[in-house]
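Trainee: The residues making up each chain are set out below.
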Amino acid sequence: MRSNILLSRIALGLYLVIFFTYLLGPLVIMSMTAFNSNPFPTITPWDCFSFEWFQVLANDERILRAILNSVIIGLGTVVLSVAMGLAASLILTQIWPRWRSTYYTIIIAPILIPGVVLGISTVVFWDRLSRILGPATDALFHNGIFLTILGQSTFIASYTMLVFVARLQRYDPGLTEAALDLGATHVQAFRKILLPFMRPAIASAAVLAFLASFENYNTTTFTFGRYPTLTIELAQKVRYGINPSISALAFIIVSLTVFGALANEAWRRGRIKAEAERKGEAVAQGRSILPGFLRGNWAAGALVLFSFVVITLFWTARAYSPEQCKAEVRAAKQAEAAKRREELLRRRAQQRLQQQMKGPDIFVPSGKPAPAGGAAAGKPATGNAPFGGVFDPGNLEGQSGTGEKPDEGSNAAPPAKPSPFGGVFDPGNLANQAGAGGDGESGEAPPGKADDNGGAKPTSPFGGVFDPGNLKGVGGGAGEGN
Amino acid sequence: MARPRLLSEYFRTNGRLLGSVMLGLVAFWIIVLILLPQLSMLDYSFRYNLPPAEQGGPKDVYTLANYRHLIYGAGGGEGTYNTVDLMVFVRTIIAAMAVTVADLILCYPLAYYLGQSRGSGFVRLLVVLLIIPYWINEILRAFALRIVFADGGILNAAMMGLGLIDQPIDFIRADVALYAGLGYAYILLMLFPMYNAIESLDRNQIEAARDMGASWIRIHRRIVIPHAKPGITSGMTMVFMLSAGALAAPQILGGPSSLWFTQLVYQWFNDSLNWQQGAAYAIVLLVASITIVLTFMKIFKVNMGDIGK
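Note that the protein sequences, when read in sequence, are chains A and B.
The numbering of the first sequence is this note's numbering, which starts it at 1 and goes up by one.
The numbering of the second sequence is this note's numbering, which starts it at 1 and goes up by one.
With beta-carbon atoms standing in for the labels, derived distance ranges:
no. : chain 1 : residue 1 : chain 2 : residue 2 : range
1   : B       : V101      : A       : I72       : 39 to 45 Å
2   : A       : A263      : B       : G161      : 36 to 42 Å
3   : B       : G161      : A       : I67       : 35 to 41 Å
4   : B       : M212      : A       : A184      : 56 to 62 Å
5   : B       : G121      : A       : I10       : 19 to 25 Å
6   : A       : T312      : B       : L86       : 52 to 58 Å
7   : B       : L36       : A       : A263      : 38 to 44 Å
One side only, chain A facing chain B, incomplete, derived with CB under 10 Å:
no. : residue
8   : A83
9   : G119
10  : V123
If you are wondering where the hints come from, they were derived from the structure by calculation, not from laboratory data.
For each residue, glycine too, the CB sits at the ideal point set by N, CA and C.
Turn these sequences into a full structure, and let the hints guide you.
Mentor: In structure tokens form, the structure reads like this:
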């Protein structure tokens with residue numbers, strides 16, 4: 001029995017560890033990449049501890065403007081959705097029982113409608129309306145900020161409504177009635193009685209609405225027009241070419257979130273403790289070196305610790321100059337590249353030897369797959385492109401092509417095989433990979449270069465580079481050497 | 001005449017000014033923001049994509065062409081089906097269901113643990129740790145997973161370091177990253193409703209069942225799960241609807257050869273500028289996912305009113 005309990009404890013602990021690793025691990029790793037000088041957001045290989053991505057971020061005008069747009073849209077959404085949510089929740093308490101469930105279904109439905117649908121319907125509707133009402137309304141009804149606020153409020157108001165309904169359940173309508181009996185007007189009763197009672201709910205609904213608006217993507221991506229929000233800008237950056245300045249922004253956002261969560265928890269615990277003390281339940285506290293607000297409040301302690309760590313990290317990163325380390329990494333990489341080139345030369349020589357024995361017939365494989373294969377094969381070898389070419393813009397075009405022009409071939413592309421060529425030699429795949437190949441670091445050595453490097457025979461200008469067995473070496477060597 | 005009496009009663013309890021403001025706000029929300037946009041999208045989906053000059057002209061008639069395109073493709077009929085788009089649709093729905101079930105299995109033990117062990121500081125710490133990723137941008141969460149699953153990312157590096165594999169696995173092309181990302185994005189929407197439901201379960205019930213000799217599985221099947229049913233339904237509905245309608249995760253984590261249905265909608269809308277076709281696809285997505293949710297609610301006998309509680 002005892003070992004049984006122990007076993008279940010271990011299982012629980014293991015499960016908790018796995019769950020929270022899944023939940024928090026990616027965020028931690030993403031935050032760490034912000035301090036790696038490697039031009040790709042990765043922690044393997046770790047090059048140098050560096051602050052440069054924060055400087056890149058601070059100089060990124062588009063991001064700064066997008067933050068401004070997000071804040072404006074967020075504030076607009078807060079005002080509109082809090083007002084609508086409050087009104088809807090008040091009416092919910094008064095509505096006829098027969099209509100109640102229909103009404104509730106309608107105002108809760110926007111939570112369940114996909115954000116994509118909300119965005120499209122908002123754009124379509126206001127476009128139609130502006131056509132009906134004439135060109136005078138054109139500027140407003142096609143304005144990105146206007147449309148985004150309306151689109152987001154449609155479903156964020158449902159969230160705020162839920163917050164208000166929860167609070168209203170504890171409200172005694174007799175209070176309003178009493179105020180009215182004593183001669184207050186309806187507006188006065190609302191402002192002096194109901195509103196103060198609802199204030200905590202309004203505050204949390206406003207925070208909720210602002211955060212939901214700030215991070216919304218699905219609806220905004222259809223409505224933003226000429227005013228991209230931060231989320232839109234981030235998505236564009238992540239999809240088309242990235243560098244760790246996004247990680248730097250992510251680090252800031254993660255830190256702010258952790259800070260906010262800890263501060264909220266510390267404040268909550270502080271209040272609970274104060275209440276307990278007021279009730280005279282406080283246990284006699286021993287002497288402690290900790291200041292009062294930290295005692296028995298792990299959240300406050302964690303908050304102080306966390307702030308300390310972040311400030312230290314920033315301070316060190318600013319003060320620390322990674323130049324020397326970077327030079328070392330560069331030298332190491334060059335050395336590695338040189339080694340690869342040597343290896344390549346050796347293999348070339350061997351190949352030439354074999355070819356001489358075999359005779360002049362060197363165009364064994366067709367040259368067609370080589371351009372794609374060269375670049376793709378170069379990637380795993382360099383270790384410098386952690387995303388294996390998926391971030392290449394050319395690749396994404398290939399992806400979007402599938403939707404417009406149903407392309408059987410690319411749809412049927414096989415899942416990744418652990419081959420050095422990442423399945424690029426599959427004919428069905430060629431259409432997609434060609435873009436990546438064209439954009440990649442030129443893994444394929446041009447004929448002249450092959451001549452210099454390999455000293456191929458004049459009869460074969462390609463010096464056997466088209467031999468698939470050779471491709472990996474060529475890609476790696478040439479990619480690094482360039 | 002029930003209606004005027006109701007309205008006058010309403011204005012008597014709320015006052016003329018306040019009552020009209022409240023009614024106006026709710027009417028604006030329901031009519032202008034919810035109903036009319038959906039209706040105009042529905043209307044749009046039955047129209048041809050015409051140049052502005054021809055709109056309202058004789059050619060501007062209702063048609064089923066946009067829906068036909070989803071089923072039969074550009075050719076329209078004659079036994080050929082739009083297999084690509086239909087496959088994307090089926091895959092989206094099935095994968096969204098799989099993600100929902102996976103999240104349910106992953107979350108249930110934690111929801112039970114958090115819900116039944118009350119008050120301790122450790123549990124509060126866990127809840128705070130859960131809330132943190134909840135407020136991080138969806139794009140950034142997808143980006144974080146992309147870093148983890150990349151060719152040279154930590155997962156490949158770790159597995160190669162341990163000698164499990166000798167070549168990096170392309171998680172993104174294999175869609176592993178996509179499914180992990182979808183599950184990751186909405187896992188907390190599954191956890192919190194379930195946690196709230198289980199928290200309200202009286203511990204004594206479980207104790208009593210255990211004293212009477214009920215097995216561990218039986219306690220869950222007969223006591224905990226029936227009690228948590230509204231929470232479970234609410235979580236499953238949210239996760240399913242959100243993953244079926246997800247756009248960010250497929251765009252960032254999807255492999256180059258696989259699409260999500262929302263991406264098709266996005267392409268019709270933003271790349272091909274064929275709003276009518278996009279609207280039709282969006283309607284199909286909306287109707288299909290709502291139908292699925294309602295069917296499952298019917299099977300498991302839960303009301304719409306339980307959602308969001």
